[in-house]
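S.K.: Now for the letters of each chain:
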Amino acid sequence: MIAMITAVKAGLLSTPQDRGRGGFAHLGIGPAGAFDAPAFRLANALAGNPSDACALELTLLGPTLHFHCDARIAITGAPLPAQIDGVEQPMWSPLFIRAGQMLTLGAMRTGCRAYLAVQGGFDFERVLGSRSLDVNAALGPLERPLRAGDVLRVREAADGRHGAKTNWSIDPRAWFDPEHPLRLLPGTHTRLLERESREALFSRAFEVGNDSNRVGLRLLGPRLQLAASVELVSEACVAGTVQLPPSGAPIALGVEHPVSGGYPRIGQIAAIDLPRLAQRRPGDALRFAPCTHEEAQRALHKRERQLLKMETAIAIRLKQGA
Amino acid sequence: MNEFAAEPLAEDALLLRFGDSIDPRVNSRVHAAAARLRAAHLAEVGEIAPSYASLLLRFDPLAWSDAGGTPHARLLAAIDPVLHGMEIDSARGPQTRVVEIPVCYGGEFGPDLSDIAKHVRLDAQEFAARHAAAEYTVAMLGFAPGFPYLIGLDPALHAPRRTSPRTRVPAGSVAIGGAQTGIYPRELPGGWQIIGRTPSVLFDPRRESPCLLAPGDRVRFRAVENAGFHALSERSGHGPPLPDSGDQG
Chain P
0 MIAMITAVKA
10 GLLSTPQDRG
20 RGGFAHLGIG
30 PAGAFDAPAF
40 RLANALAGNP
50 SDACALELTL
60 LGPTLHFHCD
70 ARIAITGAPL
80 PAQIDGVEQP
90 MWSPLFIRAG
100 QMLTLGAMRT
110 GCRAYLAVQG
120 GFDFERVLGS
130 RSLDVNAALG
140 PLERPLRAGD
150 VLRVREAADG
160 RHGAKTNWSI
170 DPRAWFDPEH
180 PLRLLPGTHT
190 RLLERESREA
200 LFSRAFEVGN
210 DSNRVGLRLL
220 GPRLQLAASV
230 ELVSEACVAG
240 TVQLPPSGAP
250 IALGVEHPVS
260 GGYPRIGQIA
270 AIDLPRLAQR
280 RPGDALRFAP
290 CTHEEAQRAL
300 HKRERQLLKM
310 ETAIAIRLKQ
320 GA
Chain Y
0 MNEFAAEPLA
10 EDALLLRFGD
20 SIDPRVNSRV
30 HAAAARLRAA
40 HLAEVGEIAP
50 SYASLLLRFD
60 PLAWSDAGGT
70 PHARLLAAID
80 PVLHGMEIDS
90 ARGPQTRVVE
100 IPVCYGGEFG
110 PDLSDIAKHV
120 RLDAQEFAAR
130 HAAAEYTVAM
140 LGFAPGFPYL
150 IGLDPALHAP
160 RRTSPRTRVP
170 AGSVAIGGAQ
180 TGIYPRELPG
190 GWQIIGRTPS
200 VLFDPRRESP
210 CLLAPGDRVR
220 FRAVENAGFH
230 ALSERSGHGP
240 PLPDSGDQG
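Note that the protein sequences, when read in sequence, are chains P and Y.
Just so you know, we're using numbering that gives the first Met the number 0 here: the first sequence kicks off at 0 and counts up by one.
Just so you know, we're using numbering that gives the first Met the number 0 here: the second sequence kicks off at 0 and counts up by one.
Hints in this document: simulated from the structure, not taken from any laboratory.
Don't be surprised by glycine CBs; every beta carbon is placed ideally from N, CA and C.
Hints are all accurate, no fakes.
Not close to chain P: a few residues of chain Y, all C-beta gaps over 12 Å, as computed:
hint	residue
1	A39
2	T95
3	P154
4	E224
Quick look at which bits of chain P chain Y covers, simulated, 3 or more residues with Cβ under 8 Å:
hint	stretch
5	19–27
6	290–302
In isolation and in its complexed conformation, chain P is listed as follows (with noise of 0.2 Å):
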């Protein structure tokens, strides 16, 4: 049998994200993927999926779903209330919903992206090694944002058991902390600043501006400057990059960067914070702290090490309460 869910109210951008793409990016393709990946990973956890099932990014306000059938769910990242026929529901927590309820997410009070998993995982099939959609590129399977109306199919669980309710959660503080400064490791560019934007880049707060999105957050506030003008060919860029484009109001690429860039580059955010990249809406504040490239290597498989214990902690919760 397949499961089914319908798309009641689409939300402000629901898209389906895996792991991304990854070796395209010589054909000028991007990652995509999602963008707060630990809290996309412990949806899937939580819902008993292995860690690159398909799950839905949700946007600032989350969508409306009626369930065709019984499922164990998930709901990770910026808070949102969650509702299962008016019932109030935790995040960060194994839940189950029966055929014929209806899962209603709303506006998320701070930070900017949640992730909804569902057991087995949405059913799309693989665009380029991937079911991420590239929304600016138009790319993937799906290959816009959810609509109200759509019909989601969602893959059979490889145990078939959807679990009983459950009573516990996981604490979201390590897995959620987006007011934290973004660590910055230096750019091809940096030593090329001019002596007041260099400090401004770490001692003053930029604003993320309203043009920010999966492609990238243009960062409002101090502008910065080059100490001399360069030209420069255009180079690779990746997720996380700050480049200065002539405006001097920085942008921090995110990951649905282009795959190349002609600006200069006065920094690469730390991978261990590009969820709190993720997590910065329009608005808000983001602040640099300076961050070596053994720190941020240090701090990295320090998190990555967090994340499997915490998978695995939560495997044997599930089939312990199954």
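Start from chain P and add chain Y according to the hints.
M.R.: Just chain Y, lined up with the frame of chain P:
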């Protein structure tokens, strides 16, 4: 002689820089290095992506880490022997494909052709003939999936970008931006001067090879008449339009 500089871009990204300008010789070294690194099948290296003068490598930082140091140094130590003696490959010229692209120049398909021909003091036919006479190299793909940046444009045809970019450039448009020429794989916003259009499909994610062109490929344009264009288009067809994207086309 491995003349490149290595820069750690991110925890999982290393950039190898072979120069700092748009130079066909530098670009051919980039492609030669990319070919060698692909053939070496380095473990847990997921991307090998050339730009004009540099090459991006993305890898699993957990797999390449060692006690104390960063994974970049370990990866670099693995790369060095692979690239050793690479100058020989790039001097010989890589084993590349030549892809022929039919183009209908001017008229409704090339609305900027007569203006930029005038700008460089050529008549439109002469401009188109010279554009089709050269052999180009795909220096890199970027801006949008499958968008080729082609180098090898006749210096007499270099033309500035439009002062106000178009919000919609049709799929298949062949255009000139400065010293480069390129082809829009889908409908996109763009500021390059449009001189013609091809019915060839440059990007189709559901094809086995999603992109018609790969980095390092050689490209020749073949002028076709309006009628020929329509005959060819019936066999190909273009994908749906794309919303606003990037800043470089």
